[in-house]
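Trainee: Sequences and hints are given; from them, build the entire structure.
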Amino acid sequence: MTHKDSALRESLFPLADHFAEPTQQVEAGKLGMWLFLATEILFFGGLFVAYTIYHVMHPELFKEAHKFLDVRLGAVNTVVLLFSSLTVVLAIHAAQKDNRKWVVFNLLLTIACALAFLVVKYFEYSHKIHAGLLPGYHFTNAEVSNPDEAHIFFGIYFLLTGLHGIHVVIGVIVLTWLTLRTIKGDFSSQYYMPIELGGLYWHLVDVIWIFLFPLLYLIA
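In our numbering, the protein residues as written are 1 to 220.
The reader is advised that the hints may include incorrect statements.
[As the list claims (entries may be wrong)] Below, simulated EDC-like cross-link-like pairs (lysine to aspartate or glutamate); rule was C-alpha separation at most 16 Å, straight line: (1) K30 to E196; (2) K128 to D186; (3) K67 to E143; (4) K184 to D98; (5) K97 to E27; (6) K97 to D186; (7) K121 to E196; (8) K63 to E149; (9) K63 to E143; (10) K101 to E40.
Hints in this document: simulated from the structure, not taken from any laboratory.
Mentor: Shown next as structure tokens:
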């Protein structure tokens with residue numbers, strides 16, 4: 001390979017100093033992301049275990065309390081996130097084809113879906129706050145048969161959905177950064193690893209919600 005070819009390849013695929021070749025850098029990046037996703041799964045896994053324990057201890061309470069959740073809004077958010085998984089895949093595919101406009105378009109669609117999800121969640125939270133369906137001493141709703149313990153369910157609800165919401169916000173920041181870099185022309189079919197890694201993170205956000213929706217809205 002000539003010096004000119006080497007410089008061209010480096011411009012298409014920026015290689016960090018501590019990597020010998022692009023393939024090594026890609027594999028290391030993917031491994032690092034998968035390890036990070038594994039820690040996130042372990043983190044949420046602990047919360048799912050807590051949910052299971054309290055559900056077993058208070059089955060009737062969970063069955064009654066979950067009726068105060070709006071299944072329609074939860075279903076809308078599920079469809080929105082599933083669609084966003086499709087758009088982020090299309091963004092990666094467009095990057096592989098050197099189609100910058102479609103990368104930007106699909107990333108913007110993914111961001112729009114994420115913002116729509118947060119807007120729906122805002123209305124859900126507003127309803128819970130006004131209805132007094134808050135955890136701990138802030139629980140003031142008298143429609144539940146056992147208000148002294150009903151706050152347990154809503155404490156778990158706010159903890160799980162709140163942490164998931166934080167991950168959605170982080171996803172919006174990451175996707176926005178990827179969009180700006182794409183517009184600048186930093187990615188090509190030779191180098192699109194950041195878009196792929198961002199897509200992996202976003203898929204995790206979607207998968208977590210796929211578990212949250214039935215656990216909280218349907219089978220609680």
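Trainee: Which hint numbers does the structure go against, in order from smallest to largest?
Mentor: Hints 2, 5, 7 and 10 are the ones this structure does not satisfy, whereas the remaining hints hold.
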